Amino acid sequence: MAYKQHFIEWFSGKGGTNRPNFAWQFSNINGGTSAAMSDSIDGGFEISFSTQNSAWGGITMNNTRQYAHDGSVAIGVVKKTFGTGSGGGHFGFSGTIDTSQGQTAALQFDSGQDTNFALRTEAVSGASTASSMVLDENWHHSKIEVRPNGNVEVLLTIDGSVQVTRTETLPTISMQPIYYGIKRSTDAGDYISIRYMECYNT
Amino acid sequence: MTKSIYDQLNAYGTVAKQRMVEDFSGWQYDDDRWGNVVQITGSSGAVSMNDTNDGGLKVSTGTNDEAMLAFNDIRQFDYTSCGFVSVSRTTCSNIAHGQNRTGIKYDNDGTFSTGDLISMECGYNNQKISLFTASATGYERTTSSIDRDTVYHSYKGLISDGSATLTIDGVLECTTSTNLPTKKMQPFIYNASSSTASSAETRYLEVFNT
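As you go down the protein sequences, you meet chains A and B in turn. For the first sequence, position 196 (counting from the first letter as 1) is numbered 196 according to our numbering, and the numbering increases by one without interruption. If you want our numbering, it's the position in the second sequence, counting the first as 1, plus 1000.
Note that these hints are calculated values from the structure, not bench results. Watch out, some of these pointers could steer you wrong.
[Said to hold, decoys possible] Computed cross-link-like contacts, SDA-like style, restricted to lysine to any residue with a CA-CA straight-line distance of at most 20 Å:
id : chain 1 : residue 1 : chain 2 : residue 2
1  : A       : K4        : B       : K1003
2  : B       : K1183     : B       : Y1152
3  : A       : K4        : A       : S174
4  : A       : K4        : B       : D1007
5  : A       : K79       : B       : N1010
6  : B       : K1183     : A       : Y3
7  : B       : K1156     : B       : V1021
8  : B       : K1003     : A       : R147
9  : A       : K79       : A       : A123
10 : B       : K1128     : B       : I1146
11 : B       : K1003     : A       : A68
12 : B       : K1128     : B       : D1147
13 : A       : K79       : B       : N1209
14 : B       : K1003     : A       : D159
15 : B       : K1003     : A       : P148
16 : B       : K1003     : A       : G43
17 : B       : K1003     : A       : V162
18 : B       : K1003     : A       : I8
19 : B       : K1003     : A       : K79
20 : B       : K1003     : A       : D39
21 : B       : K1183     : B       : L1172
22 : B       : K1003     : A       : Q5
23 : B       : K1156     : B       : N1209
24 : A       : K79       : A       : D39
Since this is a predicted model, take the numbers as computed values, not measurements.
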């Protein structure tokens, strides 16, 4: 079988302006976000939010969509640091870069949307399904698996345990890796972090 | 079946720590990842890709100069439990006039004898390839059985449980628990020249927390 698209990002180094390196574009989707490499042990890359309510942004591949809606995997190590603030992050794949969140298969760890880690899938419209894991501010291993064979299901695995399977409102077009966050309050000092991302077609 | 690199590097479902893999291939080095060359002594330090088979990246200096490449003081690696793997060499017509150190270090500058670092060391007056460790209290040069030379070697440096080791070409050569670093660190490649110009050539560098 021919080698398929496969991508690894270590989120280590000096970092470019608002991006880990040239593979990524910083997408300040609704304003109020900035990004930089973390100068801390195991810190990875951070997307920070201003005090703007509905600050919304992160890193994408500028709508270069190389990952199949019917057979792809995204693996990441992510966390949020929001304290008492409302909001959080989205990790995985998307076919769009806007507030519609269209054509998405992603881990949702956003206290403004759910008290638990959740799997969000979207075609033109979408929904999320909560896992049994309550949101926290620790690092977690996350895997989004878009199963092949007729676009049947999307699986969310957290720390090695399959948490959620969704079979409805699944994406219908090719997708790009995304990591972005949304802030739903006006407090200061909120950010999300990522120190590994791997995406591949199956 | 496609397998993830993640699952090959980590026990299933565990949370991976920071890691960096650099294969130094392309028409230029990744200047979003790496900072500009740091001129420690003189101004002849330069960084370029090496247009030759297996050439990797070259950090070169003219006579009597020192230079290094690092992460502009973005320090993500843990001085208590980290490691590096490099494939590198020193190129110099007289190995006694050139020196390469590659590893993990606190400062993006020429502080070595009282800096915080772990690295391999090859060249200058030290007749043997060595493990070099340092902290604010001083440095330790732990010699291997391998004579200094200008050929590529595989190096693996580790810090764990209060001890540092250097494995060269698959053989554990050096162990020390003296003058280990006490600050978070960044990857670096350093080259120095005395009366003959030289280069440090690196075609692979991996740095990780354990």
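Outcome of the hint check:
1. A:K4 - B:K1003: 11 Å, holds
2. B:K1183 - B:Y1152: Violated, because 29 Å separates the two Cα atoms, which is more than 20 Å.
3. A:K4 - A:S174: 14 Å, holds
4. A:K4 - B:D1007: It holds: about 17 Å lies between the C-alpha atoms, which stays within 20 Å.
5. A:K79 - B:N1010: Holds: K79 of chain A and N1010 of chain B sit about 18 Å apart, inside 20 Å.
6. B:K1183 - A:Y3: Violated: K1183 of chain B and Y3 of chain A sit about 41 Å apart, past 20 Å.
7. B:K1156 - B:V1021: Roughly 14 Å between the alpha carbons, so the hint for K1156 of chain B and V1021 of chain B holds.
8. B:K1003 - A:R147: Within the cut-off at roughly 14 Å; holds.
9. A:K79 - A:A123: Given that 20 Å is the threshold and the Cα spacing comes to 26 Å, the pair is violated.
10. B:K1128 - B:I1146: Since the Cα atoms of K1128 of chain B and I1146 of chain B sit roughly 6 Å apart, the hinted pair holds (cutoff 20 Å).
11. B:K1003 - A:A68: Distance of about 16 Å is within 20 Å: holds.
12. B:K1128 - B:D1147: 4 Å, holds
13. A:K79 - B:N1209: 18 Å, holds
14. B:K1003 - A:D159: Judged against 20 Å, a Cα distance of about 17 Å means the pair holds.
15. B:K1003 - A:P148: Status holds; Cα separation ~15 Å.
16. B:K1003 - A:G43: Answer violated: K1003 of chain B to G43 of chain A is near 26 Å, above 20 Å.
17. B:K1003 - A:V162: 17 Å, holds
18. B:K1003 - A:I8: OK: K1003 of chain B and I8 of chain A at ~13 Å, within 20 Å.
19. B:K1003 - A:K79: 24 Å, violated
20. B:K1003 - A:D39: Since the Cα atoms of K1003 of chain B and D39 of chain A sit roughly 31 Å apart, the hinted pair is violated (cutoff 20 Å).
21. B:K1183 - B:L1172: Roughly 25 Å separates the two Cα atoms, so the pair is violated.
22. B:K1003 - A:Q5: 12 Å, holds
23. B:K1156 - B:N1209: Roughly 13 Å separates the two Cα atoms, so the pair holds.
24. A:K79 - A:D39: Answer holds: K79 of chain A to D39 of chain A is near 16 Å, not above 20 Å.
Hints 2, 6, 9, 16, 19, 20, 21 from the earlier list are contradicted by this structure; the remaining hints agree with it.
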